[in-house]
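Read top to bottom, the protein sequences are chains C and F.
Per the working numbering, the very first residue in the first sequence carries number 24; after that it's consecutive.
Per the working numbering, the very first residue in the second sequence carries number 661; after that it's consecutive.
No lab work stands behind these hints, which were simulated from the structure alone.
Just to be clear, a hint being listed does not mean it is correct.
Stated by the list, open to error - Some chain C residues flagged as far from chain F (calculated, every beta-carbon gap over 10 angstroms):
#	residue
1	S185
2	G227
3	L245
4	V258
5	A265
6	V276
Said to hold, decoys possible - FRET-style restraints, in silico, Cβ to Cβ:
#	chain 1	residue 1	chain 2	residue 2	range
7	F	R771	C	S177	24 to 32 angstroms
8	F	A831	C	S153	53 to 61 angstroms
9	C	Y342	F	A811	26 to 34 angstroms
10	F	A811	C	T348	42 to 50 angstroms
No residue lacks a Cβ here, since even glycine has one placed at the ideal position from N, Cα and C.
Each chain is listed here by its residues.
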Amino acid sequence: MLIPRWLLSDRAGLVLLAVLAILGIGVPILSLWTPPDHPLHLSAYTVTLLGKYLCYALLAVAVDLVWGYMGILSLGHAAFFALGGYCFGMYLMRQIGTRGVYGDPVLPDFMVFLNWKELPWYWYGFDHFSFALLMVLVVPGLLAFVFGWFAFRSRVSGVYLSIITQALTYALMLAFFRNEMGFGGNNGLTDFKDVLGYPIHDDGTRIVLFILSILALAGGYLLCRWLVSTRMGRVLVAIRDAEDRARFLGYRVEQVKVLVFTLSAMLAGIAGALYVPQVGIINPGEFAPINSIEAVIWVAVGGRGTLVGAVVGAVLINYAKSWLTGALPEVWLFALGGLFVAVTLLLPRGLIGLLRPRETTT
Amino acid sequence: MSELISDLDGGGLSLPQKPVDTRHGILLYLEEVTVSFDGFKAIDNLSLYIGDGELRCIIGPNGAGKTTMMDIITGKTKPDSGRVFFGQNIDLLKLDEPAIARIGIGRKFQRPTVIEPLTVIENLELAMSGAKRLRGLMTTRLNSEERDRIAAVLERIGLSEHGGRLAGILAHGQKQWLEIGMLLMQEPRLLLVDEPVAGMTPAEMDRTAELLRSLAGSHSVVVVEHDMGFVRSIADYVTVLHQGRVLAEGQLEDLQIDPTVIEVYLGAGDAYH
Ligand SMILES: Nc1ncnc2c1ncn2[C@@H]1O[C@H](COP(=O)(O)OP(=O)(O)OP(=O)(O)O)[C@@H](O)[C@H]1O
Ligand SMILES: [Mg+2]
Chain C
24 MLIPRWLLSD RAGLVLLAVL AILGIGVPIL SLWTPPDHPL HLSAYTVTLL
74 GKYLCYALLA VAVDLVWGYM GILSLGHAAF FALGGYCFGM YLMRQIGTRG
124 VYGDPVLPDF MVFLNWKELP WYWYGFDHFS FALLMVLVVP GLLAFVFGWF
174 AFRSRVSGVY LSIITQALTY ALMLAFFRNE MGFGGNNGLT DFKDVLGYPI
224 HDDGTRIVLF ILSILALAGG YLLCRWLVST RMGRVLVAIR DAEDRARFLG
274 YRVEQVKVLV FTLSAMLAGI AGALYVPQVG IINPGEFAPI NSIEAVIWVA
324 VGGRGTLVGA VVGAVLINYA KSWLTGALPE VWLFALGGLF VAVTLLLPRG
374 LIGLLRPRET TT
Chain F
661 MSELISDLDG GGLSLPQKPV DTRHGILLYL EEVTVSFDGF KAIDNLSLYI
711 GDGELRCIIG PNGAGKTTMM DIITGKTKPD SGRVFFGQNI DLLKLDEPAI
761 ARIGIGRKFQ RPTVIEPLTV IENLELAMSG AKRLRGLMTT RLNSEERDRI
811 AAVLERIGLS EHGGRLAGIL AHGQKQWLEI GMLLMQEPRL LLVDEPVAGM
861 TPAEMDRTAE LLRSLAGSHS VVVVEHDMGF VRSIADYVTV LHQGRVLAEG
911 QLEDLQIDPT VIEVYLGAGD AYH
């Protein structure tokens, strides 16, 4: 197989892809074909946890594309993740059918509970897997496109842009909390039974979802790596470092921003869609402003503008989070804040910066 | 979305929709242009004409409105009134910055602005005309024709040895040259060059003067500069700007004995020699 030059020169990326390949082969073996009492056996819980980290890593890659390369500090990317998650959650809800508590063949339980008589129009089509998949891309993409169109064209940038992205995710959180919105309010969407006919809690299904998460992360990574190594990638860096220069060279900066922001939102949407069947629930908490901020911290800790750093940061911090929220839950936010400050001050190029003494952005 | 892509895609860079009409020998017209910031008139009823192929120096004390004038020509600032035309036929006030860049107006900023994390060659590649279509951006390689164009510009700006270095580690003067090189990659008709020799050694200044002089004729070049020695070494014709208006125009020797010019500018202190 011929490896293109842009990938060949990306050593860290090749290591990442190799690790993903090893996980993709090793995890199924250790969980499905290793006896449960074997010391290396991976429980369903562990597989799900790993899958979750992979989804977060894809979200981090999406954040790094817009922040690390184009200089747009989005503090609302978890919104695109959550929207992708809701779209796939709606499909999973429709699959429950008569197996819900109220046994309604069409309406999800929470709608029966609210005394709704028919399915709201925006739930139509979500019983089809392919339609739901399309929406996983279209809904976050469309929101990012419309938001970017207005924000970038009125030349909102810097801190103001970050603040309105926070406002965006916060507004969505409040909206999704409302029962009348028709997305299960507070409780969100849960109690999923199966996906494409396969029981969602089966070990085999979990492994398939895990492998899909690996493929999505690898694909998302490759797409972003390719993009930043094209001329377009140079344009992104120019926009990040000298926006006016890019404009006076003849680039339509606003349009480039909208396009890349939309692409990034779609990647975040895919991450969310893979996350939901693995954790088994999506609720408005996923829109919480802190989630978007955490994603930015993963990228900063791993190394902004490196893509691989985003993956490393997301996995390490979430591993620490799983461990610490179990041991000392009240300490987590302080630890995260402290880590962020420490990395910003001591390792401005993040953990990846430790490996690469001199780094160019392309 | 499709409109967006077609817009990104459309309008080849070096080919304006309609060619610039310079039958009267004038490339740039500014007529009765006024712009004010919070009531303060930074440009006050300014009229200025730049000939096709001319090398013009613009001098004037700090705050005279020189940079603001460039902002107006390049679409960054829209004037309150007046007309700005490229040739006889292209109304620059109807265009935005990228469109103005694409019809052939390149601008060097007062503060050198190159993309520091990219190499010298990548900076030039970024500026290359014809590469700004969406399809053109989706490539990771340079073709041989593009490589030749870049090599020619590298040669011209004296950075042939430095093509693979990061722009951020170039010396100050080299960054200025790189930025001029980026303008050349755009293949403009008009170059607006704001303070090209600030921070340069005398030897670097000489090379810059030579470079700018070599561009005149095939391009129109407008140079804003404070350094009188430098102005003397390049200018055919000099415009003195003061308080947003043209105070005087002519040969530098004549201006240097013009009492009004001496009063506002040349006599202003040793800073301007
Ligand atoms: N965006 C702006 N808002 C308010 N005032 C401005 C703006 N841009 C320029 N000015 C003012 O307009 C006047 C002209 O500024 P300009 O930068 O054009 O001067 P200049 O001739 O380039 O000076 P210098 O030689 O210092 O570069 C100055 O008084 C400046 O403060
Ligand atoms: Mg100025």
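Least C-beta distance from V258/C to chain F larger than 10 angstroms: 6 angstroms, violated
query: Is the Cβ of V276/C farther than 10 angstroms from every Cβ of chain F?
result: V276/C not clear of chain F: closest Cβ-Cβ about 8 angstroms, inside 10 angstroms.
message: Given the hint of 53 to 61 angstroms, is the C-beta distance from A831/F to S153/C inside that range or not?
response: Given range 53 to 61 angstroms: holds, Cβ gap about 58 angstroms.
- prompt: Holds or violated: is the Cβ of L245/C farther than 10 angstroms from all Cβ atoms of chain F?
  reply: Fine: 13 angstroms to the nearest Cβ keeps L245/C off the interface.
field: 10 angstroms cut-off, C-beta based - A265/C kept clear of every residue in chain F
entry: 5 angstroms, violated
task: Mind verifying the non-interface call on G227/C? Its CB should be farther than 10 angstroms from each CB in chain F.
output: Consistent with the label, G227/C stays out of reach of chain F, its closest Cβ about 39 angstroms off (over 10 angstroms).
10 angstroms cut-off, C-beta based - S185/C kept clear of every residue in chain F: It holds; S185/C is separated from chain F by about 22 angstroms at its closest Cβ, greater than 10 angstroms.
field: Distance restraint evaluation - Y342/C, A811/F, Cβ atoms, bounds 26 to 34 angstroms
entry: At roughly 50 angstroms between Cβ atoms, A811/F and Y342/C fall outside 26 to 34 angstroms, so the hint is violated.
task: Given the hint of 42 to 50 angstroms, check if A811/F and T348/C actually sit that far apart at their C-beta atoms.
output: 58 angstroms, violated
- prompt: Is it true that R771/F and S177/C lie within 24 to 32 angstroms of each other by Cβ?
  reply: Distance hint for R771/F, S177/C holds at roughly 25 angstroms.
Checked against the numbered hints given earlier, the structure breaks hints 4, 5, 6, 9 and 10 and satisfies all the rest.
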